[in-house]
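Here the protein sequences line up with chains A and B, keeping their order. Using the working numbering, read the first sequence as starting at 1 and increasing by one per residue. Using the working numbering, read the second sequence as starting at 1 and increasing by one per residue.
Hints are all accurate, no fakes.
A few chain A residues facing chain B, derived, Cβ under 10 angstroms: (1) 50; (2) 70; (3) 78; (4) 85; (5) 92; (6) 94; (7) 124.
Hints listed in this document are in silico derivations from the structure and should not be mistaken for laboratory results. Beta carbons are placed, not taken as given, at the ideal position from N, Cα and C, and that holds for glycine.
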Amino acid sequence: MTSRLSPSQMAWRAAQDIEDGAYVNLGIGFPEMVAKFQPSGRQAIFHTENGILGFGEAPPHGEEDWDLINAGKKAVTLKPGTAFFHHADSFAMVRGGHLDVAILGAYEVAETGDLANWSTGPKGVPAVGGAMDLVHGARRVAVITDHVTKDGKPKLLQRCTLPLTGVGCVTRVYSSHAVIDVFNGRFVLREKLPSFTLGALQSMTGATLHLDGPAADLVVPDL
Amino acid sequence: MDKTLPNLPTAVAGIRDGMTVMIGGFGGSGAPIELIHALIDRYVATGHPKGLTVVNNNAGNGHVGLAALIEVGMVAKLICSFPRSADPVVFTERYLAGQIELELVPQGTLAERIRAGGAGIPAFYTPTSYGTDLAKGKPVEVFEGRSYVQERWLKADYALVKAHLGDRLGNLTYRMAARNFNPLMCMAAANTIVQVSRMVAPGEIDPETVITPGIFVQGVVEIPHPAQEETLNRDGASYPEVAA
Chain A
1 MTSRLSPSQM AWRAAQDIED GAYVNLGIGF PEMVAKFQPS GRQAIFHTEN GILGFGEAPP
61 HGEEDWDLIN AGKKAVTLKP GTAFFHHADS FAMVRGGHLD VAILGAYEVA ETGDLANWST
121 GPKGVPAVGG AMDLVHGARR VAVITDHVTK DGKPKLLQRC TLPLTGVGCV TRVYSSHAVI
181 DVFNGRFVLR EKLPSFTLGA LQSMTGATLH LDGPAADLVV PDL
Chain B
1 MDKTLPNLPT AVAGIRDGMT VMIGGFGGSG APIELIHALI DRYVATGHPK GLTVVNNNAG
61 NGHVGLAALI EVGMVAKLIC SFPRSADPVV FTERYLAGQI ELELVPQGTL AERIRAGGAG
121 IPAFYTPTSY GTDLAKGKPV EVFEGRSYVQ ERWLKADYAL VKAHLGDRLG NLTYRMAARN
181 FNPLMCMAAA NTIVQVSRMV APGEIDPETV ITPGIFVQGV VEIPHPAQEE TLNRDGASYP
241 EVAA
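Could you build the full structure based on these sequences and the hints that come with them?
Structure follows, in structure tokens:
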């Protein structure tokens, strides 16, 4: 029985919800993998903050062109229909509400939809990038995250303890154990790993998991 | 009219202590490595310019380009959105030691502040950063039921920019995603100095494809085959080069 989803499996699950024709921004790290798992027959157009719409996957090693990179500074490729633009136009696409989906990573998510993903407090170097713009731009703001921290503490909370990226912005969480919607200030459990009881999942979660009908089984392929 | 500059030392000669300098690029793409290194050469030779405020999306990578500018001690303050990279050791050490000031700005707000600076718009409202630490002390207003944060324009004494084609009138094109912040910074600086990979005669750039019109540019220097930050870092380069 699956005890937790891998980052690839979380990305695969998130990819299943991206509709044909959607304009999508994928955050640096786990969310970038979503592009690999587009269901066949659907075409999403990927946006990157540094001014590309409709880019393709990474080039073979040794064929990188460092003027053709994504926001994670990784080399990408051109596809028919790719467009380039400057940073102000790029963030007009974001802030102007033209993106359908943004998928980000998270340190913490609150049941209010608040997200914390840019600062771990005063001791490190803070780095916000485009996250604060993205959470107010896309129609759907989803998060891919482990359900708990490396030392087992809940990342899904009543209120965030770390500095906020945005207030009331997250609409869905794809965690290592569940798919959870944020609705009217509550976490609503949609899917969970079949190997976990509701009680077991609740004990790993820092806020009440509400049900809106029975939670479906979270089933993903081996990846 | 001829905005052509004869060489790199001339291109960076006007930058003085304490100035605000916008440096184009996103990571290595669009980063004017040769202009930055020319500025470092001047500092090594004369002790100036120093105490600079630098505007860039990042905080340098490795020990070349912007990272080298910080490493030799020319930068007092950095205005950026993402001071992390594959090798951010130079900025990280100085920041944690309190030797460099950081103004962290969300990336879209940074782009729009620069655009506003170039467009003569002193302030604007954005939903970005509402309710966060980065909005502290800034006016908030409600428009159509939603809260927005007031942000101010950002202008500079100089912009150092990399473009692909340029002509003596200052018209520019960029190469792929190397465009990023560069056209905005050209607009927002009192003096915009551009390194182009190839100078062409006026008219050779199709007017339909000009990205930065020459009115935003004060000087152009041709640097064929410019260095790329990623390639320099792969080879373990540092600047100024240490004599073996």
